[in-house]
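2 protein chains.
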Amino acid sequence: MTALRLTPLAASLPSTVPFVGPETQERSLGRPFRARLGANESLFGPSPHAIAAMAKAATEVWMYGDPELFELKAALAAHHACRPDHIVVGEGIDGLLGYLTRLMIAPGDKVVTSLGAYPTFPFHVAGFGGEIIRVPYKGDHEDPEALVACARAHRPKLVYLANPDNPMGSHHAGPVIEAMVAALPPESLLILDEAYIDLAPPGTAPMIAPDDPRVIRFRTFSKGYGMAGLRVGYAICAPDLARAFDKIRNHFGMGRIAQAGALAALADQDWLAKVRAGVAEGRDRLAAIARANGATALPSATNFVTMDLGRDGDFARATLRELTGLGVFVRMPGVAPLDRCLRVSVGDKAALDIFEDCLPRALQAAR
Amino acid sequence: MTALRLTPLAASLPSTVPFVGPETQERSLGRPFRARLGANESLFGPSPHAIAAMAKAATEVWMYGDPELFELKAALAAHHACRPDHIVVGEGIDGLLGYLTRLMIAPGDKVVTSLGAYPTFPFHVAGFGGEIIRVPYKGDHEDPEALVACARAHRPKLVYLANPDNPMGSHHAGPVIEAMVAALPPESLLILDEAYIDLAPPGTAPMIAPDDPRVIRFRTFSKGYGMAGLRVGYAICAPDLARAFDKIRNHFGMGRIAQAGALAALADQDWLAKVRAGVAEGRDRLAAIARANGATALPSATNFVTMDLGRDGDFARATLRELTGLGVFVRMPGVAPLDRCLRVSVGDKAALDIFEDCLPRALQAAR
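Quick note, the sequences are listed as chains E and V, same order.
Numbering follows the UniProt record's numbering, with no gaps: position 220 of the first sequence is 220.
Numbering follows the UniProt record's numbering, with no gaps: position 282 of the second sequence is 282.
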């Protein structure tokens with residue numbers, strides 16, 4: 001250990017992992033999960049056209065991908081009625097959150113987020129020495145008014161809000177977000193994480209001009225488009241901020257298969273519509289399963305359903321442990337009072353049948 | 001612009017791109033290149049088994065990849081007769097260089113590299129505020145003795161050496177590197193970039209114990225394995241350093257197709273042997289083409305041939321421009337005196353036929 005000469009900041013960081021993957025759990029269980037419903041992946045999979053495009057790109061993978069992502073950025077710009085210079089593409093929203101934090105946060109700089117919200121953002125902030133200020137949820141929603149009040153008090157450089165929210169599945173209507181943007185102090189850039197927006201009700205996306213310097217929006221091909229394992233996220237923001245990513249990003253980091261798959265997926269909006277319908281149906285079924293077991297499904301604008309088990313975090317954790325032992329992978333919020341819930345991704349019929357069979361047994365055992 | 005609140009370090013960085021991609025050049029030319037020989041990609045492509053594995057993984061890409069890369073790390077450990085905890089896998093060597101620099105370099109910390117060596121390392125060092133000290137090449141080789149002398153004088157935290165070297169294609173025998181490791185000051189970690197090692201003569205890889213805290217070795221699936229567009233690199237180093245990457249890396253950054261492709265490619269060492277034979281043949285042909293045009297092919301331990309055109313940088317740049325205009329993508333070293341050369345990747349017969357046809361015309365026009 002004596003030879004390790006990390007920076008003082010790096011030395012101070014824990015080697016923790018933000019999420020333990022299901023494969024790690026499978027290795028300790030000694031068998032694969034029967035139902036993979038914990039990572040909000042899309043069991044409907046990607047568009048068949050995207051699968052075909054990725055298979056074709058595999059034969060061309062001896063070539064680096066275009067470091068400027070010209071075609072993909074042009075297609076995204078057309079899709080969002082903005083210009084390519086409003087778009088940044090990166091290695092998932094996780095990767096882009098890392099780059100943005102690096103651009104904006106030096107040791108001691110402040111950020112504001114919600115207590116219990118997506119943990120990869122604080123992981124990056126801590127990694128660059130930033131100070132994280134957390135605001136509680138209001139019921140099962142992130143609380144825009146409290147986030148604004150906190151930002152006005154602390155003048156952070158970044159404020160994070162996911163809409164729809166993970167892990168609760170709740171959402172705010174677009175105008176609520178617009179009001180929040182208008183009320184933030186001028187020092188604060190809003191990170192609007194819209195990973196689940198493709199699955200949310202109409203009107204969830206706020207009207208924000210791509211040139212608006214107060215907001216950076218994040219989108220992904222991991223959820224609605226069903227390509228979590230491809231690692232393609234993108235941001236929409238003002239061109240000067242978009243350009244700043246070029247100062248630090250891994251310029252050849254987006255591979256050839258990733259670019260081809262994303263391009264084909266974006267072109268197949270019919271597939272996305274089918275996924276949306278399938279997700280709505282799956283949410284209804286998960287809500288019915290929750291009801292049948294005396295739990296309450298929270299309203300969801302995502303591809304998962306958060307179920308209030310009506311007791312405390314210990315009970316929910318015990319239930320989750322039992323489900324894991326029965327071969328069902330689900331997750332749950334990490335902090336009270338959100339941790340009274342389980343978070344179950346929408347699955348196909350086979351996976352939901354298994355969940356329906358196992359949930360009552362798990363609850364029984366946890367009691 | 002007024003709203004951008006970058007860190008002072010980020011604000012000071014240029015938005016330059018380390019390499020302009022061939023696609024960017026094709027867009028300004030208005031047509032695709034006829035021969036793509038500039039990025040040291042493998043025109044032999046990846047193993048057919050790897051292509052099949054990637055196509056299969058495309059159907060499973062709705063799942064995140066294993067964030068611990070268990071199977072790939074186990075296979076790499078078996079291949080290198082080390083343990084999985086000696087291995088770090090990341091988004092190409094470029095991505096891993098970024099992580100390592102972030103772990104080790106705070107503003108003002110020093111690094112030593114060679115003047116004209118791989119530019120992505122200084123890109124990352126500048127990005128974290130490090131001070132870059134450059135040592136000239138000795139002839140067409142990086143100069144281990146001068147690098148050691150410079151390190152002894154300046155006590156840098158990192159010393160970079162590529163063996164074989166890019167852009168010159170030269171190499172040192174393993175014992176030269178071993179002597180360099182023994183002579184470095186205790187403050188300095190050697191980054192040994194072995195991107196091209198799969199194509200080098202036997203004896204090029206030094207004997208270094210994976211536990212040796214003085215060295216981190218980088219390898220890649222981009223060159224010999226022919227998967228530049230997949231973005232999979234890895235490091236071999238002491239476990240405490242390997243573990244430190246977990247403090248900051250994009251834990252879900254390695255996708256499902258990338259992991260599957262790398263695993264299958266590693267398993268097909270017969271394919272690598274075929275590529276090695278094809279590369280050797282291609283180097284011979286490129287040397288003959290150089291000779292026939294009054295140029296000198298430098299000895300190469302890589303999948304490219306660096307050709308000394310026998311005049312100055314302006315002449316080489318003019319020749320490169322002409323080749324570009326003729327639809328041939330090649331690159332050249334950026335600094336004198338290395339910039340008297342062109343760097344031409346080994347291609348298949350069709351691509352080398354085009355290069356053979358175009359080189360005399362380009363030289364003629366440049367004269």
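Quick caveat, the hints were computed from the structure, so don't treat them as lab data.
Any given hint might turn out to be false.
The list makes no distinction among identical chains, and a pair is therefore deemed to hold if it is satisfied within one copy or across any two copies.
Restricting the straight-line Cα-Cα distance to at most 25 Å, the calculated cross-link-like pairs of lysine-lysine (DSS-like) are [as the list claims (entries may be wrong)]:
no.	residue 1	residue 2
1	K138	K110
2	K349	K274
3	K349	K56
4	K110	K274
5	K274	K138
Enumerated hints in conflict with the structure, sorted upward: 4 and 5
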